[in-house]
Amino acid sequence: MFAFITRRIIQAVVVMLIISFIGFTIKHHVGDPVRELVGVSVKASEREALREKLGLNDPFFVQYKNFLKNAVRGDFGISYFFKKPAAQVILEKAPATLELVFASSILIIILSIPLGTYCAIKPKSILSRLIMGMSIVGVSIPVFLTAIMLIFLFSVNLHILPSYGRGETVAVFGGLWDTGFLTIDGLKHLILPVIALSSIMLPLFIRLIRAEMMEVMQTEYIKFAFAKGLSKKRIWFVHAFKNTLLPVITVGGVQLGIMIAYTILTETVFQWQGMGFMFLEAVERSDTSLLVAYLMFVGVLFVGVNTVVDIIYGLINPKVRISGTK
Amino acid sequence: MKKIFCLICTAVILISAPVHAKTVNLGVAADPIALDIHVQLSGEMLAYSHLSFDPLVRWTKDMKFEPRLAEKWERLDELTMRFYLRKNVKFHSGNIFTAKDVVWTVERLKKSQDFKGLFEIFETAVAVDEYTVDIKTKKPYGLFLNMMTYLFPMDSDFYTGTDENGKPKDAIDKVAATFANTHESGTGPFYVTYREQGVKTVFKRFADYWDKDCPGNIDELIMNPIKKDATRVASLLSGDVDFIYPVAPQDYAMVQNRKGVKLVTMGGSRIITFQLNQNRRPEFKNTDVRRAIVYAVNNEGIVEKIMKGEAVAAGQQGPKGFGGYVDELKPRYDLKKAKELMKKAGYENGFECTMIAPNNRYVNDEKIAEAVAAMLSKINIKVNLKTMPKAQYWNSFDAQEADIQMIGWHPDTEDSANYSEYLVMTPSKETGYGQYNSGNYSNKKVDELVLACQTETDPDVRNAMLKEIETILYNEAAFVPLHWQNLSWAGKDNLDIEPIVNIMNFPYFGELVVK
Amino acid sequence: MDKWKKFKESYFLYSFLRDPVAIVSFIIFLFLVIVSFSAPLIAPHDPYDTSTISIMDSEIPPVWYGEGDDNFILGTDSQGRDMLSTMMYGMRVSIIIGIGAVALQAFLGVVIGLLSGYIGGRVDAFFMRLADIQLSFSTLMVAIFISAIFQTAFGVGKYSEYAVPILVLIIGIAEWPQYARTVRASVLGEKEKEYVEAAKVIGFGSRWIMFRHILPNTLSPVFVISTIQVANAVMSEAALSFLGLGMPVTKPSLGSLINLGFEYIFSGSWWITIFPGILLIILVLVVNLLGDWLRDVLNPKLYKG
Chain A
0 MFAFITRRII QAVVVMLIIS FIGFTIKHHV GDPVRELVGV SVKASEREAL REKLGLNDPF
60 FVQYKNFLKN AVRGDFGISY FFKKPAAQVI LEKAPATLEL VFASSILIII LSIPLGTYCA
120 IKPKSILSRL IMGMSIVGVS IPVFLTAIML IFLFSVNLHI LPSYGRGETV AVFGGLWDTG
180 FLTIDGLKHL ILPVIALSSI MLPLFIRLIR AEMMEVMQTE YIKFAFAKGL SKKRIWFVHA
240 FKNTLLPVIT VGGVQLGIMI AYTILTETVF QWQGMGFMFL EAVERSDTSL LVAYLMFVGV
300 LFVGVNTVVD IIYGLINPKV RISGTK
Chain B
0 MKKIFCLICT AVILISAPVH AKTVNLGVAA DPIALDIHVQ LSGEMLAYSH LSFDPLVRWT
60 KDMKFEPRLA EKWERLDELT MRFYLRKNVK FHSGNIFTAK DVVWTVERLK KSQDFKGLFE
120 IFETAVAVDE YTVDIKTKKP YGLFLNMMTY LFPMDSDFYT GTDENGKPKD AIDKVAATFA
180 NTHESGTGPF YVTYREQGVK TVFKRFADYW DKDCPGNIDE LIMNPIKKDA TRVASLLSGD
240 VDFIYPVAPQ DYAMVQNRKG VKLVTMGGSR IITFQLNQNR RPEFKNTDVR RAIVYAVNNE
300 GIVEKIMKGE AVAAGQQGPK GFGGYVDELK PRYDLKKAKE LMKKAGYENG FECTMIAPNN
360 RYVNDEKIAE AVAAMLSKIN IKVNLKTMPK AQYWNSFDAQ EADIQMIGWH PDTEDSANYS
420 EYLVMTPSKE TGYGQYNSGN YSNKKVDELV LACQTETDPD VRNAMLKEIE TILYNEAAFV
480 PLHWQNLSWA GKDNLDIEPI VNIMNFPYFG ELVVK
Chain C
0 MDKWKKFKES YFLYSFLRDP VAIVSFIIFL FLVIVSFSAP LIAPHDPYDT STISIMDSEI
60 PPVWYGEGDD NFILGTDSQG RDMLSTMMYG MRVSIIIGIG AVALQAFLGV VIGLLSGYIG
120 GRVDAFFMRL ADIQLSFSTL MVAIFISAIF QTAFGVGKYS EYAVPILVLI IGIAEWPQYA
180 RTVRASVLGE KEKEYVEAAK VIGFGSRWIM FRHILPNTLS PVFVISTIQV ANAVMSEAAL
240 SFLGLGMPVT KPSLGSLINL GFEYIFSGSW WITIFPGILL IILVLVVNLL GDWLRDVLNP
300 KLYKG
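Protein chains in written order, with numbering that gives the first Met the number 0: chain A, 0 to 325; chain B, 0 to 514; chain C, 0 to 304.
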């Protein structure tokens, strides 16, 4: 276990190096940050002076070397727009995204497990067909279409729910985390984005759980369990469900990437002030330090989650040995 | 059942209605990049300057000068203007406003990267006594008072010294959280109580505001940047905010027809044009080809259909009301004439060329570019169009990556000559003129006239020169004029928007009345 | 002839003919493909020929409205293009990009997933970390990168000509890890099973075992993903178009048409979004339904077991 984790950490460092390098290459193609800082009528010579001052005229590798030197000390550069360290900006924006993802995940788990299992156990029932039908339609509607329709219906026409933003937030954990969970206004602002974000992931999970569960139900040991006369409920929920979890967790880990892509879309439509929105804004403003820092952050997140998924995978399925040697 | 629902609604409204203070929630496209008003010359920054600061003079709705912190002024000689300052004016910090603050601010403006271009012409500002200041230019200058609308005196005592990090408080820095970027002390109607950049800024009314005749009655203004047009308009319709600007043309009709909200629009001075790059395409060196293109572009159709009538089709750079405006220079769409000109130039079969335009800079920029590309195909010019976000666009524009490039321009000086200085003068790295002339149009006569305008102080002579410039540009088809964008604001019915908005798009929120 | 006979007697066809949903989906899908690919022949207008469109025809409502125009049955968009024709051409673009990108993803993903899962060790570690890197770069970043390189190499003018292959490449490269990791996970589960051991004992080579024995058994999750990947590819394309990195505005895809119409949704010109929106949903839905059915049929365990 220890060897496994050490190896993963070393790998993670290599991954971070590569990500930072690619991020650095990309940042030269998203536009000129100086342009976003000065007014249009400012002379080219003034812009040049600012470029020089910000070190943007240094050769690529000098810039990259400086970046790495600072990054080791946890300094990812200053966000030009926010005028704060990029890492700090990301940490300030992370709670919004994490709360959105968390609330959606809860909704997805609460609904997909019972619905997916039900559809697998009673595949021929009308309700199952209905759920499957709905889920396939759900998967087919683009998330931004859902989001705009929700705003159109609930905000603009019915005036029930707010159309954008997080609403009133409260600082907790000594001001480190701004939460929208503790105010009624914050919760109201959460509803539409969560529905929009879940609208595409929920059907996917229902389908996945159903497919995997049905596969498990066909296996010999379940048939044997039935033959042995174990109670149906026990077979379904203890034997079959446990074995369904394995692939669901793997795919779930993979889905995190898609989820982050969808948070970008959802956050944009609802102007939810999280990392996805910040990222798109950073691209539009050529806020390059923030861009690279965001990529690094997402990279860390992915490597971290994948490591955890692999560990859980190993715990559930002892056949996959997580050892240092192979 | 319906009745009960209504009752509940009323109850909710009653509970949620503010009992004491009048708060206005504002939805804008972007917030200022910092609290230091000298850090960027941009629309957002100037709009904010009018909230927390006051200029010496400001523009009225009909483009006259209105005394603000300067009560009156007089010209001492060809170079010097004397300003008599208002007494009993307090800064937000409690300090008293005097002549030394004006002198300090002028000096700071000359150091600001963004403003030094505009204030280079000013030699010195000298305090004659506590409430009199003499401002002197290097050369005779026709736009003296225009520049004074950019002079928002800052609290010199407040910004002097060093902050807790040992950095000077008056440092102008675009990328650091300096003292000036995070604190403000002006004389304006509102002071900032809370700010989370890109999320919201809260302004409270300044109790000691000098202008006791100010009709404004809002106590709190919350500025919320909402980037997307559709989201912004949705937030007004859903009641999340009370006032938004700008409004996209396609939403005008709907906002107008909706109960409880209203729309105000006004002609603007931002001209949208296409430049035809003569260095990249030899065809564009031919005046007939350029004129053919201007004749082929139905800019009135674009105004009617894409801008929903809320823009003015242009034939020249400056709009009506500007010094150089010539009545006769009308838009000239005539497809037959365009085809004839192409034939005359020997390009009856046309040619293929490239075009770039931004997709998030000007109102409906992408759609306009697309429509123009379609129009040019009717005179057999096949256009390969690429649109991109503005962050990437300016690099491409400067590199002159395409044969036809879109550029919009609003003169900081609210004066005709400014268009020519940036858009049509012969590009030169040394002088900085023609900085946005990606068409590489060059005409000695135009260059001479624009330079002469700078030092001409007689308005009539100056206007005649400006008119001559416009006429030359028109006849030579130096660029493809499209239209002047209208400005637009929308708010709830109980907000009296009309009196506070103006052509510069700096709503004077201090004077906003809420019924 | 022999193959045809074999096909006629196959379980594949048998189950297809027994499943009305699959039949209807297939017919609709076929219809959409035929309509979109024969668009240059049957569409009433040519939206790519800019000399035939006029801004003065913009935002005409569908023909059943009073202000409608017989010339434009489903109305026109904000540039005056006929909605019906533009949708037919746009669907063609969406189908090509969707299928092309998914084919590329699947190819990369399956090969890498198989190698990674079967060989394990350093190969596995290498590919999985590569997937981590790839996943942290959203499609957007890949798009910025590739289009920037392309523009530097070929200039701005050529972009609109090669937009489709570029987008296939972008979306294909950006989203292979989903496949790779799913396949890898299944391979890990499969490889310890008896039949693999048996194949090894018999003396089959590892390539044979991978492709002939393990691959078919890992396809179930691949199909679950493939079905939505087509939708994802189309949506990624829409998101890119929205940011000015996708299809050029003069050659709209279904996604960019929807985005174009979004700006008009509050203004009353709903048809610019809703028609392509419905078409997109139908297209994705039938692909999904076919994918579902395919999974049921092709998954060996479900009918052999």
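Please keep in mind that the hints were generated in silico from the structure rather than gathered at the bench. Small disclaimer: the values here were computed from a predicted structure and weren't measured. Don't be surprised by glycine CBs; every beta carbon is placed ideally from N, CA and C. Warning: the hint list may mix true and false statements.
Pair ranges (Cβ atoms, derived) [said to hold, decoys possible]:
| no. | chain 1 | residue 1 | chain 2 | residue 2 | range |
| --- | --- | --- | --- | --- | --- |
| 1 | B | Asp61 | A | Phe101 | 52 to 60 Å |
| 2 | C | Ser37 | A | Lys231 | 48 to 56 Å |
| 3 | B | Ala344 | C | Tyr47 | 25 to 33 Å |
| 4 | B | Thr22 | C | Ile26 | 31 to 39 Å |
| 5 | B | Lys343 | C | Ile26 | 31 to 39 Å |
| 6 | B | Asn348 | C | Gly67 | 20 to 28 Å |
| 7 | B | Ala206 | A | Phe59 | 52 to 60 Å |
| 8 | C | Ile277 | B | Met265 | 58 to 66 Å |
Taking beta-carbon pairs under 8 Å as the criterion, some of the chain A residues facing chain B (in silico) [stated by the list, open to error]:
| no. | residue |
| --- | --- |
| 9 | Arg34 |
| 10 | Glu47 |
| 11 | Gly54 |
| 12 | Ile105 |
| 13 | Gln270 |
Each computed EDC-like pair below joins lysine to aspartate or glutamate, with the alpha-carbon atoms no more than 20 Å apart [claimed, not checked]:
| no. | chain 1 | residue 1 | chain 2 | residue 2 |
| --- | --- | --- | --- | --- |
| 14 | A | Lys83 | B | Asp446 |
| 15 | A | Lys42 | B | Asp495 |
| 16 | A | Lys82 | B | Asp446 |
Quick rundown of the hints versus the structure:
no. : hint                            : result
1   : B:Asp61 - A:Phe101: 52 to 60 Å  : 55 Å, holds
2   : C:Ser37 - A:Lys231: 48 to 56 Å  : 53 Å, holds
3   : B:Ala344 - C:Tyr47: 25 to 33 Å  : 27 Å, holds
4   : B:Thr22 - C:Ile26: 31 to 39 Å   : 59 Å, violated
5   : B:Lys343 - C:Ile26: 31 to 39 Å  : 57 Å, violated
6   : B:Asn348 - C:Gly67: 20 to 28 Å  : 37 Å, violated
7   : B:Ala206 - A:Phe59: 52 to 60 Å  : 54 Å, holds
8   : C:Ile277 - B:Met265: 58 to 66 Å : 39 Å, violated
9   : Arg34                           : 5 Å, holds
10  : Glu47                           : 10 Å, violated
11  : Gly54                           : 11 Å, violated
12  : Ile105                          : 25 Å, violated
13  : Gln270                          : 5 Å, holds
14  : A:Lys83 - B:Asp446              : 44 Å, violated
15  : A:Lys42 - B:Asp495              : 39 Å, violated
16  : A:Lys82 - B:Asp446              : 40 Å, violated
Checked against the numbered hints given earlier, the structure breaks hints 4, 5, 6, 8, 10, 11, 12, 14, 15 and 16 and satisfies all the rest.
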